[in-house]
Amino acid sequence: MNPNSTVQKAGKRYFVLLILGLFLACLIMSLPVYTFTVGVYTKKSSNTFVGNEKYKEALAEVEQTADEYRSQGLAVEISETVTERTNSKGETTSLVAFTISQTLKKNVWAFLPSSLPSAWVLRILTAGMAAALILAAAGCRGSFSTEIKTLDPGLRRMRGLSCLFLLLDLILVPVFILLNNYLFWRRHSLFQGDLLTDGKEEWYRVLDGFLFQGKMGEDAADALKNLSAEHSPLLWVLLFCFLLALAGAAGLRFGALQKPFLRGALYLFVIVICVITLYPYYVMLITAFRSNAEALDMYFLHLLPTKWVWQNLSDIVQRGVPQFLANSFMVAGGATLLAMLCGIPAAFAMARMNFKGKKFFLGFVIMSQMFSPVVLLIGISQLMTTLNLNDTLWGLIFVNAAFNQAFAIWLLRGTFVAISPEMEQAARIDGCSTMGSLIRILLPMAAPGIVTTLIFVFINAWNEYTISTVLITTASKKPITVGITQFSSFNMIEWQYLFAASLLATIPVVILFMFIEKHLTSGLTSGGVKG
Amino acid sequence: MRKTTAMLLSAALVTSALWGSALPAFAEEGDITLDVIICQYGPNTNEWFLGSGMDGTNFVDKFEAENPGIKLNLDVVSWNDVYTEVDTRIANNNAPDILNIDVFANYANEGLLLPVSDYCPEELYNDFFPSFIEQSVIDDTVWAVPDLASARALFYNVDMFEEVGIEVPTTWAELEDACQAILDYYEGEVYPWGIDMTTDEGQAAFAYYTWGNGGGFVDADGNWAVNSAENAEAINFALGLIEKGYTNPNPATQTRYDLQDMFAAGKLAMVIAPNQLPTYVADKGGEINMATANIPANEGKSSSSVGVMDRVMAFKDDAAPDQAARNEAIGKFLTFFYNPENYVGWVSMEGFLPAVNSAVEALVASDPSFEAWLDVLGGCQFYPTAKAEWDQVKQGVIAAEQNALTGADIQAELDALQEQLAG
Amino acid sequence: MKKSNGEKWWGPYLWLLPSILLISIFVVFPILIVFRLSFSEISKAGVVGGFVGFKNYIDAVNLPAFATVMKNTFWWVISVVGLSTLLGFIIAMVMNQKFRGRKIARSILIFPWATSLVIQASVWNYIIKYEYGSLNSVLLNLGIIKEAVNWRSSYQIEFIWECAVGIFVTIPFVTFCILSGLQSIDESLYESARVDGAGFWSRLFHITLPLVRPSLSVSTVLNIIYVFNSFPIIYTMTKGAPANKTDTMITYLYMLNFYDRKKGPANALSVIGFLILCLCSGIYMITVMRKEEEA
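Chains as they are written, first to last, in this note's numbering: chain A, 1 to 531; chain B, 1 to 423; chain C, 1 to 295.
Looking at chain A on its own, in the form it has when it is part of the complex (with noise of 0.2 angstroms):
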């Protein structure tokens, strides 16, 4: 094949592409598929009938609103709405609605002088498709010639990066119109039902100056109105999908872009996870940090809250959270040190031995954790009574550290299989007890599993509820699990104080987690390979 050919053809698609797709964006963006029913005012008037004197009265009140409206230079419209019913009583009863509204159609370019903040995306957009368009102008140098044989990387970069420009504008042109019909439709009938009046003035300002001194769509596409993002979602996403496609082909047809798209997808997907992850703490964090009112407000238009209540923080302070919060670190650290201190020489012990039965009791602890607590209460709480443990913190470490057994011996052992015995063979040559090597051999070396145990076990018993409740009755040595409880009252959930203790619970061990991740995932892979 002659190369010349393949790098002429491989141009001409990619300009005939992309000029396609320049233009399918353009056109669809002149469109008047922004379409908006404004209902400027509404009077609902129950009990009234067509005809009578409070029908009168409350037309007449709305044509005066509307001759307002009219004197302003505005085409609105009154629509009338008549529910009749006839009740069990077989009385009829009436409800009439007025609302004079105006509907317009507009296309996305009525948005770039406007000042709505969503304006800025669209002049992001355009300036995109700008750029994109500079950019091929600028990579077609010389690329008609038939003198060449390859493509001049600059060129290509340019090509690729004009591709990548119209990709974006592609995918952001349905993501505009639909945000924004959506965004318009719940700020307008928020302010309109005086759900909202905070800034109300401000917006009505803004929506008008854009509304009305636009330009509107043609009437000639009146026939495409059905594509309008409100009605008919599907078809933008056919069209996305199609722009999707001829974008990737022209894209793709670069061998040098493929790279930066699985890049930008891997971030993509890192950040997805990532949002995903984060997204409940973001709403304890908001939730948290509310007034009482706010946490409830079905109709709260801001992402954070509009006034921080720090109070919130000291509320729980003075309701015990600081002495529920060193009751679990009691527990939990004595339960880690515990479960270690049992838990090392059963590992070192099956990773190193050779004895009867080891599989015997490897079954034996897995066996041991096959009962949820929830069901083993009755039982827990018997044994603490013959003990005399009950209400103790003592009790709920015994437990905890009893019910982490099988997975500190499991990521112990695998830990200790992993480092070769000849260290502690050749220790032991030189008079150094079993018990020596393992302390001042192996124990070092095999740090990172150990971490990785004590923070798994940590966490496990930081994070216990159901025996808690019952074990502990008095309130100063509860843990945190079960002190938060008190914020779920009979009477009400106080959402607010219950998150913001919650918080407070997460975050030490968020932060211990953070501090030895990195100790984490080696610890586990010798626990796992080995396992």
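Source of the hints: derived by calculation from the structure; they are not laboratory data.
Some hints here could point you the wrong way.
Said to hold, decoys possible - Derived coverage of chain A by chain B (criterion: at least 3 residues anywhere in the stretch with Cβ under 8 angstroms from a Cβ of chain B; other residues may be distant): (1) 44 to 53; (2) 83 to 90; (3) 468 to 478.
To be verified - Distance ranges between label pairs, derived from CB positions: (4) B:E187 - A:G51: 22 to 28 angstroms; (5) A:A265 - B:V158: 55 to 61 angstroms; (6) C:L14 - A:F329: 44 to 50 angstroms; (7) A:S314 - B:A365: 31 to 37 angstroms; (8) A:S433 - C:I78: 48 to 54 angstroms; (9) C:Y284 - A:A265: 31 to 37 angstroms; (10) C:I283 - A:L304: 50 to 56 angstroms.
Said to hold, decoys possible - Derived DSS-like pairs: lysine-lysine, alpha-carbon spacing no greater than 27 angstroms straight-line: (11) A:K43 - B:K244; (12) A:K54 - A:K44; (13) C:K8 - A:K358.
A virtual CB, placed ideally from N, CA and C, is assigned to each residue, including glycine.
Given chain A, put chains B and C in place with the hints provided.
For chains B and C alone, kept in the frame of chain A given last:
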């Protein structure tokens, strides 16, 4: 046998035995320690009993100062966990001495409770509203005393009613009309009516509708009659409200907190709620202009308000060395608890209605609306908690309601429940 | 690994002793009590009576909700363990790449693991409330949806949400187990495969999967046990409503015990659950571990 196990275990855990044995040694010779479990009614319950919510001091400290020789080991438990904790302790022969909870029949029937006459001083006993005491009688013996009550009534959003131009409904038919009018007016933005058929309190919904239709849990002779035609009709009416879109959308999981929150936010026009609702709404920062009315009943049937009562009871402890002294200590606890000086503050803090005459005067003086509520309380019907099968009935009607929500036939469900009760 | 000459036969057992004692006293003893309770008559208030043979077991199996609950438990374990393993695997593959901010991303990923299940469940319960839940509020204010969505319109959907939350909190554990396995794979293996012309899928199936299988299998066994025994998510979000249709075995037997007060059957059900778990993880361990030993 258990002793040997215990000894073995203790020997194995020398340390634990050390800490363990240190515990009871704190109690002085001759002191009586009472284990008390109190349910957490509101955000301040804990503070009042254990913190500094009682004018700078707390219940336990004040009690111990006034009653030397008696120690209180008082635990405030959330309603979510209280049954778990009490049952577990009973299973371990470690029942509390004094328990504050809603049910008592099982404990009484199984011989775990002390009769009230054994420990309650006569003066205090005569102070309780007689109609309340009657609710705790099994076989002519009083097993528990009421600690507080609340009455349920219909709350409605006055502003909405004025705007829509409707009257407060008194019958079911009127209720449907009102719901339709509200639905039309607000175009679905506001739920006209709230229903809670959750696992938490589905039995209340059962009571609201069946009692308004001449039905109920029991018949006139006090025998279980959950499957009466009236009951099925009543529940079908409630299900009809849900079907027609008059209610909150998820009645099986939306608890009364959710309903009250919606009411406070102006999302719900009518709700059947306890008398604390105004306080609740104010605490949540809502500004709702609300009023109360009778719960609507079916045409020709009488409306009946729903009363909910909780109780205080004392458990037997055969191991106690001096039964008379223990009974006396329990009596002292009750006397102290119901002393108007303490009790009035507690009841008004929790927003409930009192159970003793001596508290009425002070409460009415502090909040005139109490008087009206006390009248409502006088005409209230209560759950048949004195019957042994009450737990089963309560869970049974909730399950029946929830099954009906997912399409089952309510009459068949209730028939099955009745059959279980008979068999 | 050889026994040194001077050691007594009971030497290894001495090393195991503390662990055995701890488990025996604080886990096995309560388990024995549950076994005993499952054969005893227990009154509604919780007083333990005499021996009744298998009556409790027969009652438990004849409970009307038994079949539903078993079905739910099956789907709960399968979907949570299965999907969290799958998603955890994908995330681990991504997190194993080198990219800027990897450390931060990994730390963030740990969050759900480090938070108490009770708290997680309450937050999600709050998030998906229809009327004032955070999800609707955020989506509305971002302009992604036009009207509030009833995220929990039927019990089937509620159950799916519960599974989703279960998956959400389980993923970090799986991810980190697999990540540790991935990190131990020698990069040169991939390179030589690439030289041989192996594509992405071929490398995945012939190098990655076989090498992470050990860490995957152990994490799966533990996962099955933890997920089966998971209580707070379902209890906080629906309490099994409506009528036990979203209950799994653990929440159901809790409700049976403390709400319905059928304490005998509840204990019998615990033992049944235990046996099922033993059977499943036993079979799994025997097959998977044997394969590993062969490999």
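Going through the hints against the structure:
1. 44 to 53: holds (count 3)
2. 83 to 90: holds (count 5)
3. 468 to 478: holds (count 5)
4. B:E187 - A:G51: 22 to 28 angstroms: With a Cβ separation near 24 angstroms, E187 of chain B and G51 of chain A satisfy 22 to 28 angstroms, so the hint holds.
5. A:A265 - B:V158: 55 to 61 angstroms: 57 angstroms, holds
6. C:L14 - A:F329: 44 to 50 angstroms: 32 angstroms, violated
7. A:S314 - B:A365: 31 to 37 angstroms: 34 angstroms, holds
8. A:S433 - C:I78: 48 to 54 angstroms: 50 angstroms, holds
9. C:Y284 - A:A265: 31 to 37 angstroms: At roughly 35 angstroms between Cβ atoms, A265 of chain A and Y284 of chain C fall inside 31 to 37 angstroms, so the hint holds.
10. C:I283 - A:L304: 50 to 56 angstroms: 51 angstroms, holds
11. A:K43 - B:K244: With Cα atoms ~26 angstroms apart, K43 of chain A and K244 of chain B stay inside 27 angstroms; holds.
12. A:K54 - A:K44: Holds, at about 11 angstroms.
13. C:K8 - A:K358: It holds: about 16 angstroms lies between the C-alpha atoms, which stays within 27 angstroms.
When each numbered hint is compared with the structure, a violation occurs for hint 6 only.
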